[in-house]
Amino acid sequence: MGSVTIPLGKLLQSFVADTGVAADILWQFRIPKALTCVLAGGALATGGLLMQTLFRNPLAGPDVLGLTSGSSLLVALLLMIGTLTPGLNNALFQSPWSVAIAASVGGILVFILIIFIARYVKDNTALLIVGLMVSAASSALVNVLQFTSQASDLQAFVIWMMGSVGGTEWPELVVLSILVLVGVAMSYTLIKPLNSLLLGENYAAGLRVNIKQARFWIVVATGLMTGAVTAFCGPIAFVGLAVPHLVRLILPVTNHKVLIPAVVLGGAVLLLVCDVLAQLPGSTQILPLNAVTSLIGAPVVIWMVIKAKRISV
Amino acid sequence: MSDLPAIALQTTDLVVGYKKETETIQLFESLSLELRSGELVCFMGSNGIGKTTLIKTLAGIHKPLDGKIHRTQEAALVLTDRINSALMTVRDLVTYGRYPYLDWNLSLTLRDSQIIDAAIQQVRLEHIIDKRLVELSDGQIQMAMIAKALAQDTTVLLLDEPTAHLDLNNRVEIMNLLRSLSRNAGKTILVATHELDLALQTADRIWLATPDKKIVEGIPEDLVLNGTFDDVFQFKGFDLKTGKMTHTPYRNISVQLMGSGYEYLWTKNALERSGYEFRQEAPIRINVRALDNGFVWTLFMDSKEFTYSAVSQLLKKLSD
Chain X
1 MGSVTIPLGK LLQSFVADTG VAADILWQFR IPKALTCVLA GGALATGGLL
51 MQTLFRNPLA GPDVLGLTSG SSLLVALLLM IGTLTPGLNN ALFQSPWSVA
101 IAASVGGILV FILIIFIARY VKDNTALLIV GLMVSAASSA LVNVLQFTSQ
151 ASDLQAFVIW MMGSVGGTEW PELVVLSILV LVGVAMSYTL IKPLNSLLLG
201 ENYAAGLRVN IKQARFWIVV ATGLMTGAVT AFCGPIAFVG LAVPHLVRLI
251 LPVTNHKVLI PAVVLGGAVL LLVCDVLAQL PGSTQILPLN AVTSLIGAPV
301 VIWMVIKAKR ISV
Chain S
1 MSDLPAIALQ TTDLVVGYKK ETETIQLFES LSLELRSGEL VCFMGSNGIG
51 KTTLIKTLAG IHKPLDGKIH RTQEAALVLT DRINSALMTV RDLVTYGRYP
101 YLDWNLSLTL RDSQIIDAAI QQVRLEHIID KRLVELSDGQ IQMAMIAKAL
151 AQDTTVLLLD EPTAHLDLNN RVEIMNLLRS LSRNAGKTIL VATHELDLAL
201 QTADRIWLAT PDKKIVEGIP EDLVLNGTFD DVFQFKGFDL KTGKMTHTPY
251 RNISVQLMGS GYEYLWTKNA LERSGYEFRQ EAPIRINVRA LDNGFVWTLF
301 MDSKEFTYSA VSQLLKKLSD
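If you're matching them up, the sequences are chains X and S in order.
Residue 1 is where the first sequence starts when you use our numbering, and the numbers rise one by one after that.
Residue 1 is where the second sequence starts when you use our numbering, and the numbers rise one by one after that.
The set of hints was computed from the structure by calculation and includes no laboratory data.
Even glycine gets a Cβ: it sits at the ideal position worked out from N, Cα and C.
A couple of the hints might just be wrong.
[Said to hold, decoys possible] Partial selection, computed: residues in chain X whose CB lies under 8 Å from chain S:
| # | residue |
| --- | --- |
| 1 | R56 |
| 2 | K192 |
| 3 | L199 |
| 4 | G200 |
| 5 | N202 |
| 6 | Y203 |
| 7 | A205 |
| 8 | G206 |
| 9 | L207 |
| 10 | R208 |
| 11 | N210 |
| 12 | K212 |
| 13 | K257 |
| 14 | P261 |
Generate the whole structure from the sequences, applying the supplied hints.
Structure follows, in structure tokens:
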């Protein structure tokens, strides 16, 4: 779906024949965009699931606890350094790999900070407030950076902040796919510690599960996935938080062996749907993706809190 | 000593506690204790003395400050930690017991499934195997936790307050289960508990944490008779040797009670509770007898004779 209407017949034709405007639109815009949706949705949802399990907190998620803000901060910093120091190799700073790695590092740093704080704050609600504050603080820093940057950069940055799956080109898509696949594969190897964490750290230790090691890999996997997505699509809200709950609503299980594939699929589907809605089919207007995910995600969460009174992981 | 069962777990000069920023908090010092194969040991002590920390230390999930623990095998644990996963089923929970034996992919062998089923049967939860934890009573959740520990297939079970927050029926059921697991399944069981009466009636041995950071151990009867329990718990108004509350005969009225069996004991209970003193040849005499369809109480007072069919009627007449 996009601002140009392509009839179904022409669409099928474009898949096979590699010529014409329709084929260009298809291969240069729509397929990359759809793939981005699938990857970003799956990655954010998996990240949300991992965080909810690790903190045993149903309201945890990459955006809620400030991971995406941490990623944004480092991306902004990287771009700043790139523009302010002309002597350095600009290509290095703007390569998809460096942006993705910077974003991942930002997410991982915030994650570590939150885990550190969680040791002292046992209350789940308090942890969420801390997450909001971390997120507010890094957003503020991002704003300061924006203040010092040029108008053209600023506009690009503001658009990026609205969340978009339409800006990814093939080179970026390759980086995104690699990082997301690595993150999801890593998460899948963690199903034993993840399941054990549902019983709490004491029981997990009693089952001879190495919690420290598992926590490290959960942080790395979540950081990679949300970092990569944030780098190329901007901070997408609510997908990470809402998808695990929506999935459990349809498939009420606690085993991560089933949950991880289900959540990947759920995230991909949800983000594709959100993107279709953002395009306003048949119209040339495009809504910010974040507006759509929030419009869908926020009521879902509120409805679940009211319905289940006690939602759980 | 050769006829004693094998040692399943032993500590030498174990120091238990934890480090809190700069200071080290020592809860127990130089413990040299042992658990023998197939015995049920109740671990008692006042609140906050460090029972949970010792259990965790013995299980190997908390580092001792000093000393050694010898375990022939891993120990399975039942803790007081609550499980928040409402969607988890009984089978899911018991399956966790097999985790130490499973690879990263969690593929269960036929034998794993058999052990899980057997563990669920041992705690008699077969009928609710697919129920979710939110749908269970506290007693059933505790039973499922014990099944999880059984599925771990270890000789030693360590339980922290498994009967806390349960009603009397469930408490007795759990203690009976633990009793039979040690007798019939050869499990070595250590239970931290507050249930003095149940512990005295079921434990082979008692570990009693004393305020000087030591643990006194012995069979329940010896610890009762030599006054160790009284020293540790500083009972107020409870006489452990009779197993009852102490009553002061505040009414200054003596009665003589005659009879036998339960009806005698419960009538005595009612009179003690109401402040009467017992004396041979007292001016007031009470006789209680069992009939075919109930009991009869006969009261001899002021050279008159009254008969009643309930203790309440007797008490009412006495207090008039």
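Right, here's what the structure says about each hint:
no., hint, result
1, R56, "6 Å, holds"
2, K192, "5 Å, holds"
3, L199, "6 Å, holds"
4, G200, "5 Å, holds"
5, N202, "5 Å, holds"
6, Y203, "6 Å, holds"
7, A205, "4 Å, holds"
8, G206, "4 Å, holds"
9, L207, "4 Å, holds"
10, R208, "5 Å, holds"
11, N210, "12 Å, violated"
12, K212, "13 Å, violated"
13, K257, "6 Å, holds"
14, P261, "13 Å, violated"
The structure does not agree with the numbered hints 11, 12, 14 stated previously, though it agrees with the rest.
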